Amino acid sequence: MEFSYLSTIIFLPAVGAIIIAFVPNLTQRLIRYLAALFTLIPLALSIFLFFVFDRSMGLAGAVQFEEKLAWIGAINANYHLGVDGLSLPLVILMALLGFLVVLISWKIDLRLREYFAWLLLLETSILGVFCALDLLLFFLFWEIEIIPMFFLISIWGSGRKEYSAMKYVVYTLLGSAMMLAGILSFYFTTGSLSLADIAQDRIGSYTAVIPLAAIFFLLFTGFAVKLPVFPLHNWLPDAHTDAPTAVSVVLAGALLKMGGYGMIRLCVTIFPDIARTYAPLLVALAVVSVLYGAAVTLRQKDIKRMIAYSSISHMGYVLLGIFALSQVSLVGASLQMFSHGFITGLLFAMAGLVIHNAGERDLAKFGGLVRQMPVIAVVFSVAGLAALGLPSTSGFAAEFLVFVGSFSSTAVAGIQVYTILAVLGIVITVGYILWMLQRVFYGPALEKFNGTRDADTLEKVTIFTFVAVIMLVGIYPAILTDIIKTGIVPVMSLLGG
Amino acid sequence: MNLELFIPELSLGIFALAVILLDLFIKRKGYLVVISLAGLVVSAAFTIAMWGGSSQLIFNNMLAVDGFALFFKLLFLGIAALVILSSVDYVSRFSRFQGEYYALVLLSTLGMMLMAAATELISLYVALELASISLYILVGFLKDSRSIEASLKYLLLGAVASAVLLYGMALIFGVSGKTQLLEIAQTVQTLSLEGVLSSPALILGIVLLVAGFGFKMAVVPFHMWVPDVYEGAPTPITAYLSVASKAAGFAIILRVFFSSFGLPEWLSLNWGLIIAVLSAIGMTWGNVAAIPQVNIKRMLGYSSIAQAGYLMVGLAVVGFSPAGNILGQSTVLFFLACYALTNMGAFIAIIAISDKLRSDQISDYAGMGKRSPIVSLGLTLCLISLIGMPPAAGFMAKFYIFSAAVQHDLLWLVVIAVINSAISAYYYLRVVKVMWLNKPASEEKVPSSGALRLALAISCSGVLLLGIIPGYIMRLAELAARMFT
Chain P
1 MEFSYLSTII FLPAVGAIII AFVPNLTQRL IRYLAALFTL IPLALSIFLF
51 FVFDRSMGLA GAVQFEEKLA WIGAINANYH LGVDGLSLPL VILMALLGFL
101 VVLISWKIDL RLREYFAWLL LLETSILGVF CALDLLLFFL FWEIEIIPMF
151 FLISIWGSGR KEYSAMKYVV YTLLGSAMML AGILSFYFTT GSLSLADIAQ
201 DRIGSYTAVI PLAAIFFLLF TGFAVKLPVF PLHNWLPDAH TDAPTAVSVV
251 LAGALLKMGG YGMIRLCVTI FPDIARTYAP LLVALAVVSV LYGAAVTLRQ
301 KDIKRMIAYS SISHMGYVLL GIFALSQVSL VGASLQMFSH GFITGLLFAM
351 AGLVIHNAGE RDLAKFGGLV RQMPVIAVVF SVAGLAALGL PSTSGFAAEF
401 LVFVGSFSST AVAGIQVYTI LAVLGIVITV GYILWMLQRV FYGPALEKFN
451 GTRDADTLEK VTIFTFVAVI MLVGIYPAIL TDIIKTGIVP VMSLLGG
Chain G
1001 MNLELFIPEL SLGIFALAVI LLDLFIKRKG YLVVISLAGL VVSAAFTIAM
1051 WGGSSQLIFN NMLAVDGFAL FFKLLFLGIA ALVILSSVDY VSRFSRFQGE
1101 YYALVLLSTL GMMLMAAATE LISLYVALEL ASISLYILVG FLKDSRSIEA
1151 SLKYLLLGAV ASAVLLYGMA LIFGVSGKTQ LLEIAQTVQT LSLEGVLSSP
1201 ALILGIVLLV AGFGFKMAVV PFHMWVPDVY EGAPTPITAY LSVASKAAGF
1251 AIILRVFFSS FGLPEWLSLN WGLIIAVLSA IGMTWGNVAA IPQVNIKRML
1301 GYSSIAQAGY LMVGLAVVGF SPAGNILGQS TVLFFLACYA LTNMGAFIAI
1351 IAISDKLRSD QISDYAGMGK RSPIVSLGLT LCLISLIGMP PAAGFMAKFY
1401 IFSAAVQHDL LWLVVIAVIN SAISAYYYLR VVKVMWLNKP ASEEKVPSSG
1451 ALRLALAISC SGVLLLGIIP GYIMRLAELA ARMFT
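Line by line, the protein sequences give chains P and G. For the first sequence, position 180 matches number 180 in my numbering, and the numbering has no gaps at all. In my numbering, each number is its position in the second sequence, counted from 1, plus 1000.
Among the hints, erroneous ones may be present.
Keeping only pairs whose Cα atoms sit at most 27 Å apart, straight-line, the calculated BS3-like set for lysine-lysine is [what the hints assert, rightly or not]:
1) G:Lys1143 x P:Lys107
2) P:Lys365 x P:Lys460
3) G:Lys1356 x G:Lys1433
4) G:Lys1370 x G:Lys1445
5) G:Lys1433 x G:Lys1143
6) G:Lys1433 x G:Lys1445
7) P:Lys301 x P:Lys448
8) P:Lys167 x P:Lys448
9) P:Lys167 x G:Lys1027
10) P:Lys167 x G:Lys1356
11) P:Lys107 x G:Lys1433
12) P:Lys68 x P:Lys365
13) P:Lys107 x G:Lys1027
14) G:Lys1445 x P:Lys167
15) G:Lys1370 x G:Lys1356
16) G:Lys1029 x G:Lys1153
17) G:Lys1027 x G:Lys1178
18) G:Lys1439 x G:Lys1370
DEER-style ranges, computed between Cβ atoms [what the hints assert, rightly or not]:
19) P:Arg113 x G:Arg1482: 45 to 51 Å
20) P:Val15 x G:Asn1438: 28 to 34 Å
21) P:Pro211 x G:Arg1358: 42 to 48 Å
22) P:Ala413 x G:Lys1439: 56 to 62 Å
23) G:Leu1454 x P:Leu281: 55 to 61 Å
24) G:Asn1438 x P:His356: 24 to 30 Å
No wet-lab data here; the hints were simulated from the structure. Because the structure is a prediction, the values reported are computed rather than measured. Where a beta carbon is used, it is the ideal one built from N, C-alpha and C, also for glycine.
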């Protein structure tokens, strides 16, 4: 029996959550250290997996570190975990973010015990989604995430937090209701819940209970709510704006990726023909998301809300990359998910720091903060520049791959036009990022910000880690693309491209 | 006479009478709880001992001893045990007649056990009345105006429902000349569509049966009594009504419809469709009406109407599946087991909280997460399970029942049901929100007794267990559905 790496990675945070929630008489200090410990071990293990992962192309598509146990005989469900080139980067992303958000949350002291318990449970659920190879298990982890998010936003949030939390829950549940209907009809069509089996068997060989396209869109709707895709994005700005900083980081960094991951893993891999048929529609939707998201971002006054809307635009690139259906664009989309996780995660962390230290969140009321918080200003600028895709940051590598891949794709007619339109989104991005940086940090110093602190040591460690990852992937993207490619190549062979 | 196959019922009846008699002599009423629980345990032990034996009919084919009946008997006995545990503190509200209270709970359990086993219309009716009359009294046990109103309402509407049921049975007897379910089936099988349409007695009979059973199951449009009765009844009895009584209704409708009207196929497709439509209306109405409720017992009343709607999805599957396919039955059985644990857990938590607060208003639950964290956590888990979210039992139950529905061309119903689940999250989570987010009215802790904590622990661990490793109980439900005479 091999060591169950993935189970350990997934469930250690949950064990930590249970210990933190139920062991009596823990001091606040101890709770923080426990939370850090129970996220640090999964992080260490996932980095270990990163190094021992077999990158050779001969193994492309093979699931590694597989675990499989019979689970529910009556409905043919298995406890089946494994990672391939597509999911491993996302596991690392979540594990790293999971540890970093514990550090970001270090200063929280309101109902600390519950806070860390929910945060750790959230990490377990997201990691589970990326590792599950059984549809029921996938859906189970997908749903568990809702309750921690509900509590985290509605207790530790700000503003209209209860409204935002409920909106998040209702949107997500409606999305997953569609997804559940899709999974059920899928299960009935194939009689199996195993993702690995179905991808090989080709769904076209089954007689479906309803048109396959309907199953495709039921599943797609569930993922589109999460990604989010215009017009299902409405929950996102509220949830982000009112969530506590750490939760915004997880939400933007890892939760949205569940949508993109699901699209590649289910919609494209299992329904390649339908994906190709409807690709023009979905690519158009992606372009709308990019441009609409960017345009709306331009007129935001709240710093967190602005970053939230920019996420919609950036996730549009992911959608574009996925449904351009070429190998390069799919690799680009996967890389964009990873890269956006750190860039926007960092942006939210920085926005949280600025709001916390300066006590202000209205963009119009900022100014000249570079004098009081030089470190924050520099790191915030790095994150901003990465978001607009400056070369040598991961944002550039990812978006470049998406655009190149989409532009040269042969799967969708007229994709060049869509790609060019999407590239315009970058221009708008440059506009709002620079404008935001300028508003917050430059201009005349304001008296009311005298005595505002800069980042302290712990915060510096946290944000420099983000910067390091962004630069590392930006300068040497092959460190990830080699792995991602092993996950994408088999998808391409299914697409027949 | 196979009296040994009747021992579970017999022993429970003896214990019920013993409780009434001993009540006259015993000063410390706590012993009555022990005796009642002992009766349930003994009966359950006999039931388990019979598990795995071959299916038999006893008393001139009036009662069946099959896996289906045994499954339900165990379910009822388990629910009754939880109800009695959760009544230990509650009974202090009525200083007299505690012995009668426990005895009546046991007697109505006995009635429900017989309902699940009955294979003949008259014994079925007698069993149903035994269960119902005990419940009419129990609902009025508090003797305040609300409780009495609830009892009277339940009695009157229940009597009408019984009359409707009897009339339906009479019509079916008129068509077939038999009261045995299997003998009725032999007549019904031979009928042709034209023959039935020209003399619609059978159709009318079936419709009246649905109405009569629908009252027990509390499905729309036979649900009018639910909110008032749930609000007025003693809370443990509300729990009992919402779980055991509903399960008993599903037990008989499953047996009658599957045994007698399973064939010909056009007939079962038609009643399947009626059930499917009722199910869609029921869950939608239950969920929408639950949203504005401010009293938690009323809210759970409407929620139980919605849950009955989800259960009817499984019933519709029974109608839609070809004869001999037992997937529909086993999903209903599994759903009932999950629902029973979940709803009992929710009500036990409510008893623990409301007993101290003397209020069932949701707004009074503010800050309960601080004042009584363990009970609040239990209630939260049960509400999450009612929404149908993992890792709680409700999720698996819904997944299983909906997957069966998709297999029988009921995708439209499943889509309605999953959207309904999303809607229901709104009012369930509102209670969660009030408990954990709102400021408490006072910082005073709300303590709960050991019996309640034990009952809550049993149901909550059951909810988690069925939510994470449901395989065993699913197999049991499948086995029970297969062993069906």
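Hint check:
{"no.": "1", "hint": "G:Lys1143 x P:Lys107", "verdict": "violated, 55 Å"}
{"no.": "2", "hint": "P:Lys365 x P:Lys460", "verdict": "holds, 25 Å"}
{"no.": "3", "hint": "G:Lys1356 x G:Lys1433", "verdict": "holds, 20 Å"}
{"no.": "4", "hint": "G:Lys1370 x G:Lys1445", "verdict": "holds, 8 Å"}
{"no.": "5", "hint": "G:Lys1433 x G:Lys1143", "verdict": "violated, 33 Å"}
{"no.": "6", "hint": "G:Lys1433 x G:Lys1445", "verdict": "holds, 19 Å"}
{"no.": "7", "hint": "P:Lys301 x P:Lys448", "verdict": "holds, 19 Å"}
{"no.": "8", "hint": "P:Lys167 x P:Lys448", "verdict": "violated, 35 Å"}
{"no.": "9", "hint": "P:Lys167 x G:Lys1027", "verdict": "violated, 56 Å"}
{"no.": "10", "hint": "P:Lys167 x G:Lys1356", "verdict": "violated, 33 Å"}
{"no.": "11", "hint": "P:Lys107 x G:Lys1433", "verdict": "holds, 24 Å"}
{"no.": "12", "hint": "P:Lys68 x P:Lys365", "verdict": "violated, 56 Å"}
{"no.": "13", "hint": "P:Lys107 x G:Lys1027", "verdict": "violated, 59 Å"}
{"no.": "14", "hint": "G:Lys1445 x P:Lys167", "verdict": "violated, 32 Å"}
{"no.": "15", "hint": "G:Lys1370 x G:Lys1356", "verdict": "holds, 15 Å"}
{"no.": "16", "hint": "G:Lys1029 x G:Lys1153", "verdict": "violated, 30 Å"}
{"no.": "17", "hint": "G:Lys1027 x G:Lys1178", "verdict": "violated, 51 Å"}
{"no.": "18", "hint": "G:Lys1439 x G:Lys1370", "verdict": "holds, 9 Å"}
{"no.": "19", "hint": "P:Arg113 x G:Arg1482: 45 to 51 Å", "verdict": "holds, 48 Å"}
{"no.": "20", "hint": "P:Val15 x G:Asn1438: 28 to 34 Å", "verdict": "holds, 31 Å"}
{"no.": "21", "hint": "P:Pro211 x G:Arg1358: 42 to 48 Å", "verdict": "violated, 57 Å"}
{"no.": "22", "hint": "P:Ala413 x G:Lys1439: 56 to 62 Å", "verdict": "holds, 60 Å"}
{"no.": "23", "hint": "G:Leu1454 x P:Leu281: 55 to 61 Å", "verdict": "holds, 57 Å"}
{"no.": "24", "hint": "G:Asn1438 x P:His356: 24 to 30 Å", "verdict": "holds, 26 Å"}
Comparing the model with each earlier hint shows violations of hints 1, 5, 8, 9, 10, 12, 13, 14, 16, 17 and 21; every other hint is respected.
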